[in-house]
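Take these sequences, add in the hints, and give me the full structure.
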Amino acid sequence: MVTIDFTLNGKRVTVDVNDNETLLFTLREKLSIKSVKEGCSIGECGTCTVLIDDETHYSCLTLSSKVTGRDVKTVEYLGNIIELHPLQEAFISCGAVQCGYCTPGMLLSAYSLLLKNKDPQDEEIKRAISGNLCRCTGYIQIIEAIRYAAGILKQNC
Amino acid sequence: MFIGRDIDRIDVLDKVLGKPIFAYDLKVEGMLFGCIYRSKRPHALIKKIDIQDALSLNGIVKVITHADIPGENAFGAIKKDQFYLAGDKVRYIGEPILIILGESEKIVRKALNSIKVEYEDIEAIYDPFSSRDSTTLIHDTGNLLSYRTVIKGDFEQGFNESDVVVEHTYKTTWLDHAFMETESGIGYMDETGKIVICSSTQNVHYKRKEISKLLALPEDRIRVIQATTGGGFGGKLDMTVEGYIALSVYLTKRPVVMRFTREESFLSNTKRHPLYIEYKTGAKKDGSINAVKVNIIGDTGAYISYGETVCLRAAIHATGPYEVPHVFVESRMFYTNNHISGAMRGFGIPQVAFAHESQIDEVALLLNMDPLEVRMKNGLRRGSLTATSQLLTNSAGFLETLKKIEPFWKARKKQGLHTGFGLGCMYYGIGNTGVSNPSSCYLTFTDEGKIAFHSGVCEIGQGSDTALLQILLETLNVEERDVVLLRGDTDTSNDAGSSSASRQTYVSGRAVYDAALKMRKYLKSKGYYDCETLRGVCLLAKEEGLPVFEGFFDPPTSPVDSKTSQGIPYATYAFATHMTEIDVDKATGFCKVKKVHASHDVGKAINLKNVKGQIYGGIAMGVGLALMEEFVPSKTESFDSYYIPTSMDMPDVEIFIVEDEEPTGPFGAKGLGEPALIPQAASIVNAIKDAVGVRAFELPCHIERLKALIESEKDKWVE
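Chains A and B supply the protein sequences, listed in that same order.
Residues in the first sequence are numbered consecutively from 1, following this note's numbering.
Residues in the second sequence are numbered consecutively from 1, following this note's numbering.
The hints are simulated quantities; they were obtained by calculation from the structure and are not laboratory data.
Just to be clear, a hint being listed does not mean it is correct.
Stretches of chain B that chain A covers, calculated by requiring three or more beta carbons in the stretch to come under 8 Å of a beta carbon on chain A [to be verified]:
1) 15-27
2) 459-470
3) 631-640
Here the structure is a predicted model, which is why all the values come from computation and not from measurement.
Using N, Cα and C, we set each Cβ at its ideal position, and we do this for glycine too.
If you want it as structure tokens, here you go:
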């Protein structure tokens, strides 16, 4: 058991974790972040995606002890009911959500992409979300939403 | 106006915020974790079960066997042939034997390794042909589950009159639903002693019935609630976790949670039926299809699930969306000791579409005709007789879907050396086959002066909540804020039937329309449409004794004849045409799907954005069916050995909607969930033939298989 502290969605948190504990487990079971989902636990499906220092990581393959001192973001960081992030707005308006299980991870992959690339081409968007499986939507409205949000964010700059 | 409007899904705000509560997100104080111990043998007698070591582990609370079941140890959507917990015999690897309950998931999973079961193996049967010929019986009733025939006209005469005949055999394999959320649920006993199950499911009322029989308790002692559900596609129709949780709660009096790992989900969930399809088509010189003879052999696995449904549905739809005067179809479903095949988006029709669409292209080739022209010539339309001699009198927009695609088909131009174009068409009967499949709902008022919409329809991601709400709002002429939706709870809704067979928009939509008409009449009588407020009407209604407005619809069908399957199996049909452009790398066998033009007759698009979402998602699944997805028993364990399409695999898609309104549907709507997928694989197979001259007779036509096909074709040229 070790005590770690890290930034979670902009706030500093301290938590005791086991040596072999995954970040997915810590977030869900100890910090009540239920938006991070388990889909396969072997790093294939992307539903457990989180951002660590704004890069996407599978939290099912990340040891919690490794995030000490780092910046962890989940979908809760992006926006709230009063002020949605443009990506969230675009996911709504473009019909990018069906069952919603992949949505938090998908949004975070998109967010990470737009931090690095303000004007992504479709192929770049596809690549950025290729580690996030979705069985419902066929991805097209997700890609449209990310493209649309990129446009909005560029205007806002 | 709400019909045809792209209103946002009613659950979407929560979903982009990551807020919805899926079953595994729920927590109840003192909750036990439950896990299933499964058979490691495909076919064996159970000689001895030793649970002592498991019970002695710290934190293990109970191990449940079949002997602990108070009611019936049997379930099944069609027939009750499946055991919750095996007693003396197992019939497939993965069959449940025990439930282990403990204080944490970790301890329970550890306990799985402490269970010792002694088996006496019986010869195992792994394919339907061995099943047919074997003297080893999987069930006492014999190894043939179901035999159905479709007979129309005289097929021998039909072939004699034909100028060309094509004949081939097509094979498909097992596919997994691969919903992102695995099977999960929680259960507890509420303060009144009722057993409450909250799970990821496609039907709540069916599950309540099954649990009632399992526990020998009246249905009013059971409550099933649908948690937010992370995809279904047919895989959450059967009992998954619900029975086990209910039994565990009943026996321990403690709350219980259960969730399958992805590996358990792959191991235990039903699969798409592998079908072996011998197909013969006879056509006249002018391109008219004169006779079709089909022999379907399917592997349903160890238990029935939806095996009989797929057997009949595949047979009825075997001729595709074409009018054929002489039809002879045989369809057989055999038990094997493979895992159970059940309902998966399309109920066998994506498999038969692969066959009939390949045949149509072969006919066109022999006759030197345009494949689109052959389809147009034979396509079902108003006045046509289907293979079951059902006269199509209403919505039948198949030709219109072809016409939408026609200009793109005519203008198609190969961009690269190995580019190809293919067509795929389909028709699909909406709702259950030749049986009553009603939906009911009710409307009333809330204390806050709103309309309470009580719906038993399970929203599994497909958007039914939103479509049904649009139908309600349109009929009542009220706003979204005036309505409170109470959905997916057996305590607060009537049975709407399962979210399957593409039936909810059509069947439940019509039931909602029915209830709304009654409420509208009431609102009108109370002056709502003149000057009275909704709140005012509600207050008045409360004083008078709260009125309840029930809605009901059962699609008009008739049972099909047991020998010939002639009759009216469905009240209405959806139709579609897909045209797909692909590019093949001849050196590697890699097939890139570049563009799909998809045209669907949906009757009426209640919500175009959601209609498009269904079509895109269906196309993705069709790409998987055609090129990628293959469940290999004992090898496939998780997503590292089962590939579903990613964003990189998706083509560009252009969608065309045909709205040939169905008079029995709500505002003319039919269904779409399954039709979106059905023609896609077929169109890819035809495009591969166009691109590189080889025809795939087995799916998936994955990279190795396509490369081998291309190589064998090369060898032919050398010879």
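### Query
Looking back at the hints listed earlier, which ones does the structure fail to meet?
The structure breaks none of the hints.
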